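Peer 1: Based on the provided sequences and hints, a complete structural model is requested.
There are 2 protein chains.
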Amino acid sequence: MPTAYRAGLLAEAELGHSIEKDEYEKRLDGLRVELLNLQYDSRSADFSTMILVVGDDRPGCIDLLHALHEWMDARYIETHVLYGQWSEEEIERPVFWRYWRRLPPRGRTGLFLGAWPFQLIDGALDKKLGTLELDAGIDHVEHFERLLVQDGTLVLKFWLHLPPAVLKKRLKKAKKKSEWRVEESDWRGLDDYEEGLQMVERLLRRTNTPNSPWTIVESTDHRYRNLAVAQQISHALRLRLESGAPAPEAPTVAAPEPIDEQLVLDRVDLGASLEPKHYDQQLDSLQGRLAELSRKAIDRGFSCVMAFEGWDAAGKGGTIRRLTRALPAQNVRVMRVAAPTDEEKARHYLWRFWRQLPRDGNAVIFDRSWYGRVLVERVEGFAKEEEWRRAYEEINEFESQLCEHGMPVLKFWLHIDPDEQLRRFEARAKTPYKKYKLTEEDFRNREKWPDYSQAVHDMVTRTNTSYAPWKLIAANDKRHARIEVLRTVCERIEAWLDGPGSGKSRKKRKKHKKGRKRQQD
Amino acid sequence: MPTAYRAGLLAEAELGHSIEKDEYEKRLDGLRVELLNLQYDSRSADFSTMILVVGDDRPGCIDLLHALHEWMDARYIETHVLYGQWSEEEIERPVFWRYWRRLPPRGRTGLFLGAWPFQLIDGALDKKLGTLELDAGIDHVEHFERLLVQDGTLVLKFWLHLPPAVLKKRLKKAKKKSEWRVEESDWRGLDDYEEGLQMVERLLRRTNTPNSPWTIVESTDHRYRNLAVAQQISHALRLRLESGAPAPEAPTVAAPEPIDEQLVLDRVDLGASLEPKHYDQQLDSLQGRLAELSRKAIDRGFSCVMAFEGWDAAGKGGTIRRLTRALPAQNVRVMRVAAPTDEEKARHYLWRFWRQLPRDGNAVIFDRSWYGRVLVERVEGFAKEEEWRRAYEEINEFESQLCEHGMPVLKFWLHIDPDEQLRRFEARAKTPYKKYKLTEEDFRNREKWPDYSQAVHDMVTRTNTSYAPWKLIAANDKRHARIEVLRTVCERIEAWLDGPGSGKSRKKRKKHKKGRKRQQD
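Sequence order for the protein chains is X and F.
Sequential numbering from 92 applies to the first sequence in the working numbering.
Sequential numbering from 92 applies to the second sequence in the working numbering.
Among the hints, a few may not be true.
Same chains, same names: a pair is fine if it fits in one copy or spans any two.
Calculated cross-link-like contacts (lysine to any residue; reagent style SDA-like; alpha-carbon spacing at most 20 Å) [to be verified]: (1) 387 to 452; (2) 521 to 123; (3) 436 to 220; (4) 521 to 127; (5) 117 to 523; (6) 475 to 157; (7) 521 to 122; (8) 264 to 379; (9) 263 to 379; (10) 260 to 101; (11) 569 to 360; (12) 569 to 344; (13) 436 to 350; (14) 117 to 522; (15) 521 to 124; (16) 387 to 176; (17) 436 to 138; (18) 112 to 314; (19) 117 to 370; (20) 260 to 216; (21) 218 to 288; (22) 260 to 477; (23) 569 to 510.
In short, the hints are calculated from the structure, not lab data.
Quantities reported herein were computed from a predicted structural model and do not represent experimental measurements.
Peer 2: Structure, rendered in structure tokens:
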């Protein structure tokens, strides 16, 4: 019996659980068959499984990994051992990019050792964070796991715990017996044990939700530990396969209904216009200004994301071309959002946007964006109501992570009225090289103008955050629209240069400079 | 007229071509319609288009890029401006990984500015390479382009040329007029002009093949340049769409036929075996040795790739598990090669393996590999004869690039005889948790044993290069096989540690160390 029973969530894993070899082998035999069969069945199921293994017993985590690889069909397991060694490409993107890029597709299992809980605890210990800062990190974790669960992912989390005395003994013994199984860093857990314990408890408590619960496992006896984890995996997989996809959460509170018919789009002054000669002058001067600003900003490690939404024929393409002409082509990519590939369809809908995020010093311009979820997917019924309803929150969180990384999110809605749209469709039909842009669907969509108006209204009002506000652009006059967009982009870059991009000691910039230095070696 | 006519391939682009504005606009009108229609048609075609734009007129390349983006449908163009700023993840992988990762899928167009020709010329100028070293680089380029062309890719290459006097004038003027369009590095072309010219000619000449020809375009007049490029793209696309996929190259020389029935596999002594107690001893000792060696090697930036092939039930999985147990799990990934995704199917068959290559300090173990092309795909008829026949050469080139990067390629064929296979199938059928491994197909495949034997023979003899030799493992006795593999892996790592991994001033290692340092900051 390692220690006396004491207060704390982890005390349940200090009881001295152990299992005799005979019993272990007996129980394991059946369990392995079941695990394999369940895994085999889940290959064609419509969900992915994410198994998170973390804890103060790092050698135990690795042992467990090997056991799981032996018992399950490793061909369908993607293993990621993530103890804080991040690449430049990862450091230069929002923090959760490193996890998003590793999401398993439906039908597959992702096995994560360390990962986000480790990063959080380790970072907090490093930076001596208080609970407030730790909580901010936990918020992201909570949100990430909820988003996965709502998308159907089976999230299983295991915390392997060793009482401190046992941990110390274990590390010493392991080092002596077969040096190669222990790393220097494994000892860290011991040094910071008591301090870390407080944070661990906080993390476990706050992220222990019914749909992504923690299983706290005593790791003193490897047989008990392996059996406990394998059994929980088997149990959860079976339940999930038998019960099918979880029922969508029925909202218990009605969604707010509009009282009047006032829409945010009605506030856009579509009469705004610009004389051709003023346009030419301003275009030239703004493009020059943008070119200069963007160079300066890129030198300082500036990255950003722009999303262009708007009615068909509102002039997104032409506006984007006026932008890109003034931007260094090597640092800017334009993404036309088309139908998702099967690798994309096999994951959460935001995955295809996460994978496109730029590194420091680069920008991506999206011609249509993740807002498709609450526009076309909502109106055309491609997304279920609970899916697009929760998307507002998911998008706000997504954009907040970009902004936290120091990557501004610029969002434009190019607004025109139905008459102007019709005029442009007709003009397109007459211009030979624009004909291809026009399909019958375009005309059909015009009938749904009111539905789309409501969807745009909801989108703008619900995602118009202070950190990533919408800019509504009057686009009945193309010249006016282009100048407005150019001016807004210039202003946002200036604000960045005066704010986050100004400090000489800015850590991120330093990081960036170093990165550039290395590449030139 | 810029200069007098002089010797050299590029002289054709110093004739002073230019086009009047009126004529330009007239010709452009029709061309734009045609370009769009062709591009639209090619979306559903079974080939991708790669447009390579490079030359001494870099501002011209960027201008052209913008023109093409305006004239074509940019939604189906993926643009990559690659002038030698590589990320850590790119530097730590074989050189061509940076191009493979950017291959467009079929139906799409990739527009590459700079890219491999620029890298070659720029690198050669930097390192003051002689023609021999330059030729080695050109070999890889030649091979890469041939491989793409044979896979159906339409490869269009443009060299934008400015006579030196014009180039100088152009840069000065551009700088004065609108500073933001010229970069410091654009001047480089001028400084090294004469020296670079020799290399450029050599590159153009050696990579100017009938199926991926260069179009040398005078860039003095932007209208002439844009028109010349757009017209060639239109012309090539039309021809390709009209004529369909190019006819497979009929071999003009018969493939060598075997004289006797001697197969390389017959040389494997299937009687080799190992006593259990010796096995346990050796396993323990070899795993310890491997653990130590792999740690040391990883510290020095060692990366490697292992490919396991063998008959069904030859024991690949069990052998791999014995390996991974002794390797640090965070640095080793096991890839079970399954059915390709649609993103993979839309590209050359090697793409799915290129995308899995490890960074420095990491290893990937492939359970089945790119050799599927010349084994199952050959025997089952999934690949056409000309496809699998050219695969030997493609694979040899692929592996040579890995080895050049300093990434050893370890290849194992686990050999058993048909009787042993049957015994194992029957045993599997009786072991509950191994049943899933067995399908009817497995038994059907047994009828094709002689075909597979011939395929294995051809594979081993044709890809048994000195830099990436095959190791044939007698696997009727699993213990013997596992020990043999472990020993081979140890020996190969030792050889690396004594050879390429030994020098203290080793550039790659230095690079790696720096990379690790940065990550820990």
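Peer 1: Look at each hint and say if it fits the structure.
Peer 2: Hint check:
{"no.": "1", "hint": "387 to 452", "result": "within (10 Å within a copy, 35 Å between copies)"}
{"no.": "2", "hint": "521 to 123", "result": "between (67 Å within a copy, 14 Å between copies)"}
{"no.": "3", "hint": "436 to 220", "result": "neither (38 Å within a copy, 47 Å between copies)"}
{"no.": "4", "hint": "521 to 127", "result": "between (62 Å within a copy, 15 Å between copies)"}
{"no.": "5", "hint": "117 to 523", "result": "between (75 Å within a copy, 14 Å between copies)"}
{"no.": "6", "hint": "475 to 157", "result": "neither (40 Å within a copy, 40 Å between copies)"}
{"no.": "7", "hint": "521 to 122", "result": "between (69 Å within a copy, 17 Å between copies)"}
{"no.": "8", "hint": "264 to 379", "result": "between (67 Å within a copy, 16 Å between copies)"}
{"no.": "9", "hint": "263 to 379", "result": "between (65 Å within a copy, 17 Å between copies)"}
{"no.": "10", "hint": "260 to 101", "result": "within (19 Å within a copy, 74 Å between copies)"}
{"no.": "11", "hint": "569 to 360", "result": "within (13 Å within a copy, 78 Å between copies)"}
{"no.": "12", "hint": "569 to 344", "result": "neither (42 Å within a copy, 63 Å between copies)"}
{"no.": "13", "hint": "436 to 350", "result": "neither (37 Å within a copy, 52 Å between copies)"}
{"no.": "14", "hint": "117 to 522", "result": "between (77 Å within a copy, 15 Å between copies)"}
{"no.": "15", "hint": "521 to 124", "result": "between (67 Å within a copy, 12 Å between copies)"}
{"no.": "16", "hint": "387 to 176", "result": "between (30 Å within a copy, 18 Å between copies)"}
{"no.": "17", "hint": "436 to 138", "result": "within (12 Å within a copy, 23 Å between copies)"}
{"no.": "18", "hint": "112 to 314", "result": "within (8 Å within a copy, 82 Å between copies)"}
{"no.": "19", "hint": "117 to 370", "result": "neither (81 Å within a copy, 26 Å between copies)"}
{"no.": "20", "hint": "260 to 216", "result": "neither (23 Å within a copy, 59 Å between copies)"}
{"no.": "21", "hint": "218 to 288", "result": "within (16 Å within a copy, 54 Å between copies)"}
{"no.": "22", "hint": "260 to 477", "result": "neither (51 Å within a copy, 62 Å between copies)"}
{"no.": "23", "hint": "569 to 510", "result": "within (15 Å within a copy, 77 Å between copies)"}
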